Amino acid sequence: MNYFPPAIQNLIDEFNKLPGIGPKTSERFVFYLLKQSEEEIKKFAKAIENLKKKITICSQCYNFSEKDPCPICTDPRRDKSLLCVVAYPQDLQAIEKTNEYKGLYHILGGILNPIEGIGPKELKIQELLKRVKKPNSKIQEIILGLNPDLEGEATAIYLAKLLRPLKIKVARLARGLPMGSDLQYADEVTLSNALEGRKEM
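Numbering (the working numbering), first residue to last: 1 to 201.
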């Protein structure tokens, strides 16, 4: 039986929809918010509202941004001969934190996973090929910055096969990352070493 007032329970249910958040954590969130001032609650609600109002997807790299194209794609200091392909925006952030990589990015929006129904058509693979094939493209090397797990390896092999005929160097992050690890949680030193020691596929 539910003992919470509907306004509390409704918000608990909404928090419970978030990945990795269970009922107890959802309750803690709600009761924390109840202790906050009305001004803090409004600020919190505004931040959520702005996610949909202000955030768009960059039409070049498919990263989340407040501008299209995003600041990375329009930065004249970036090396346009280098393109790092990652699965998610969080992976881009992890690589940026190293301050080692100065090229551009392409976000696939996931990795190949037939069990979950994610095939090539569900990812930004065709967009990657079009980008590389553009007559004005300066891309000379593509770094596959994908997780060192089964799905990440399968995606990297699939992409390398598609890119090989285009006569562009295709490299994979070095094995400094443990098998099965998640790129977005890797520390800066490990990622820097993986970038520096990348191997051609």
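No wet-lab data here; the hints were simulated from the structure. Mixed in with the good hints there might be a few duds.
Stated by the list, open to error - Dumping the calculated DMTMM-like pairs for lysine to aspartate or glutamate here, alpha-carbon to alpha-carbon at most 20 Å:
1) K124 / E40
2) K102 / E200
3) K167 / D79
4) K46 / E14
5) K102 / E141
6) K121 / E153
Note that the structure is a prediction, hence the values are computed from the model and not measured.
Here is how each hint holds up against the structure:
A distance of roughly 38 Å separates the Cα atoms of K124 and E40; the hinted pair therefore is violated under the 20 Å criterion. About 19 Å separates the Cα atoms of K102 and E200, which keeps this hinted pair within 20 Å; it holds. Proposed proximity of K167 and D79 is supported: the alpha carbons are some 19 Å apart, at most 20 Å. Between K46 and E14, the direct Cα distance comes to roughly 16 Å. Compliance with the 20 Å bound is thereby established for this hinted pair.
With a C-alpha separation of about 13 Å, the suggested pair K102 and E141 falls inside the 20 Å cut-off, and the hint holds. Between the alpha carbons of K121 and E153 the distance comes to roughly 18 Å, so the proposed pair stays at or under 20 Å and holds.
Comparing the model with each earlier hint shows a violation of hint 1 alone; every other hint is respected.
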